[in-house]
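Taking this note's numbering, the leading residue of the sequence shown gets 22, the next gets one more, and so forth.
Everything labelled a hint here was simulated from the structure, so no lab data went into it. These numbers come from a predicted model, not from an experiment. No residue lacks a Cβ here, since even glycine has one placed at the ideal position from N, Cα and C. Please note that the accuracy of each hint is not assured.
Cβ-Cβ distance ranges computed for the label pairs, FRET-style [said to hold, decoys possible]:
| id | residue 1 | residue 2 | range |
| --- | --- | --- | --- |
| 1 | Leu114 | Arg75 | 29 to 37 Å |
| 2 | Gly90 | Ala45 | 46 to 54 Å |
| 3 | Glu111 | Glu88 | 34 to 42 Å |
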Amino acid sequence: MAGHDENPGGERSRETSGVAGVDARDEDAIREELRLVDEDLARLRETARELRERIGDRADAPTDMNEMGTLINMADQQDAFIATLEARREDLLSRLREATEHHAR
Numbered sequence: 022m023a024g025h026d027e028n029p030g031g032e033r034s035r036e037t038s039g040v041a042g043v044d045a046r047d048e049d050a051i052r053e054e055l056r057l058v059d060e061d062l063a064r065l066r067e068t069a070r071e072l073r074e075r076i077g078d079r080a081d082a083p084t085d086m087n088e089m090g091t092l093i094n095m096a097d098q099q100d101a102f103i104a105t106l107e108a109r110r111e112d113l114l115s116r117l118r119e120a121t122e123h124h125a126r
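The task is simple: from the sequences and hints, build the whole structure.
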């Protein structure tokens, strides 16, 4: 997610105006952003899986409870990021469908 032109709210700073203003460049931009979101999702899902795996590996061994709590918190944060990106992905897909339908008319 870092390095992707985002504002503090997590949304991309460049938004496409209404469907009537969507052109081929906007569709390409939406597709590119969708590709980046998919890459971010894959990376976050892998990180969350690895964190949960580390938590599971330590479940049977004595461990520092603070460290375990930190790992659980980190995994939960990854899950929250994933949910946010999944919502963003659905929004992008919807915008792309609208743009495609607009051009088909």
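Hint check results:
1. In this structure the hint that Leu114 and Arg75 lie 29 to 37 Å apart at CB holds, the actual value being about 33 Å.
2. Between Gly90 and Ala45 the Cβ separation comes to about 50 Å, which falls inside the hinted range of 46 to 54 Å.
3. Under the hint 34 to 42 Å, the C-beta atoms of Glu111 and Glu88, about 35 Å apart, fit the expected range.
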